[in-house]
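Counting in the working numbering, the sequence shown runs from -16 upward without gaps.
Keep in mind that the hints are not guaranteed to be accurate.
[What the hints assert, rightly or not] Distance condition first, Cα-Cα at most 25 Å in a straight line; then the derived SDA-like pairs of lysine to any residue:
(1) 224 / 247
(2) 224 / 333
(3) 363 / 162
(4) 224 / 50
(5) 363 / 167
(6) 254 / 385
(7) 226 / 279
(8) 226 / 256
(9) 364 / 384
(10) 192 / 256
(11) 209 / 172
(12) 364 / 345
(13) 295 / 54
(14) 264 / 221
Read the hints as simulated data drawn from the structure, not as lab findings.
In this text, all values refer to a predicted model and were calculated from it rather than measured experimentally.
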Amino acid sequence: MSRRPVRTTAPPKRNCAASSATPVSHPDSGTPCIAPTSSTEPVTEIDSGALGEFYTPRWLAELILDESGYDGSPGKRFLDPSCGPGIFLVLAIERARRYAAAAGEDPQETVRRIVADIHGYELNPVSAQSARENYAVALGESPPEIPVRCLDAILHPPEGKRFDYVVGNPPWVRWDYLPQQYREATLPLWKRYGLFSLNGFQARLGQGKKDLSMLFTYASADHYLKEGGTLAFVITQEVFKSKGAGDGFRHFRLGEEGAPLQVRSVHDFVKLRPFGGTSNKTAAVVLTKGAATTYPLPYYVWDRGPEGALRKEELQARPMVSACGPWRTSSDGNSRMEGSNPYKAMLGANANPYGVFWLEVEGPGQDGLAAVRNLPEMGKKQIPPVKARIEHELIFPALRGADIRRWGARPRVHVLVVQDPATRRGYPE
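Take these sequences, add in the hints, and give me the full structure.
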């Protein structure tokens, strides 16, 4: 699934051969994977729509391939474990064909080599079928088997040879938005890789906002990447900058006894907003399996110049406070902000899901209760609209980031707070 920032509706119906209810076989197993007849039907054990589908623009995919070092040379195995309709596969095939043409390789040998070396996995069968079709177009012919498999790359890794390059754009989904059955199914892996580094109280207060892209990165490096191989993923920038939630990820080791991961560089695309109007913080990581991460390391901030050309600024990144702490970035790797601070940052209120806890107060109501309605349009989860009367003591003005301006702030919504401030726990029903 080459996509990202989270969306929790079902995947869009695509104009491809798999958009009708026909079996789509895994090319190397024959196992049927039924494509949905509409955009609301589940496509596997877990509805892949809950994993978001925002596809990678070509310029970004090209840049990630450049940074990975993949040039299409023979004998280098390539995998996109969340390939969506196949943009990374298509570009990898184009590179392999250019390399072969420059070397004077026989065209049939080029086809054989590409099919043997360039693979994709995809959870959504509609997208998997699109990837197969795009693979064939990029290849210039349709071989009997196209190596794009419909599977869950985290829970059901196939057996086989490992890859020199694992490149792609894994799903970005907050832990809160994962279906309960998927949380339960993947929980042992989160723990195995050390990605749950907080106690229950810290997680409850909002430091536990894990993202599925963290687990996908570690599982892909573990299951698919050779020792000495390169992984290059588009990923949320928050895994490098967030306190608490990203600490386990920044351990950069596949569990206590697993292989170390050496981060070679990070690319910050926040200013570019590659996914249009979505409110995400896009970055990319390039790492090698089998060596330890050392600091400072290169951290590139990308934006566009006056004429629209891409440009980057090289900074250096190193952790603050502890070896797995959030990164600071600066031009020289040092910071004048080091030292003690009399202020302590605190989380105000964790109001997820917003469609439940954010309110509009419509009036005083009756019996001393406030008349309110929830704001389901403000959240990602589908919440039914509700009007109710509740106690004034549970309603507070909510100051969001969007409500803050220079020299002033004006709350536009209210929040329902049902936590006892004395115990820091919810009031008993």
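How the hints compare with the structure:
A distance of roughly 17 Å separates the Cα atoms of residue 224 and residue 247; the hinted pair therefore holds under the 25 Å criterion. At roughly 19 Å between alpha-carbon atoms, residue 224 and residue 333 fall within 25 Å of each other, so this suggested pair holds. Proposed proximity of residue 363 and residue 162 is supported: the alpha carbons are some 13 Å apart, at most 25 Å. Using a Cα cut-off of 25 Å, the hinted pair residue 224 and residue 50 holds, with the two alpha carbons roughly 21 Å apart.
Note on residue 363 and residue 167: the hinted pairing holds, with a Cα-Cα distance of about 21 Å set against a maximum of 25 Å. Between the alpha carbons of residue 254 and residue 385 the distance comes to roughly 17 Å, so the proposed pair stays at or under 25 Å and holds. Restraint check for residue 226 and residue 279: satisfied, since their Cα atoms lie roughly 19 Å apart, inside the 25 Å limit. At roughly 23 Å between alpha-carbon atoms, residue 226 and residue 256 fall within 25 Å of each other, so this suggested pair holds.
Between the alpha carbons of residue 364 and residue 384 the distance comes to roughly 20 Å, so the proposed pair stays at or under 25 Å and holds. For the hint pairing residue 192 with residue 256, the CA-to-CA distance comes to about 22 Å; that is within 25 Å, so the pair holds. With a C-alpha separation of about 20 Å, the suggested pairing of residue 209 with residue 172 holds against the 25 Å cut-off. Proximity of residue 364 to residue 345 is assessed by CA-CA distance (about 23 Å); at most 25 Å being required, the pair is judged to hold.
The hinted pair formed by residue 295 and residue 54 meets the criterion: a straight-line CA distance of about 22 Å does not exceed 25 Å. Between residue 264 and residue 221 the CA atoms are separated by roughly 7 Å; this keeps the pair inside 25 Å, and the hint holds.
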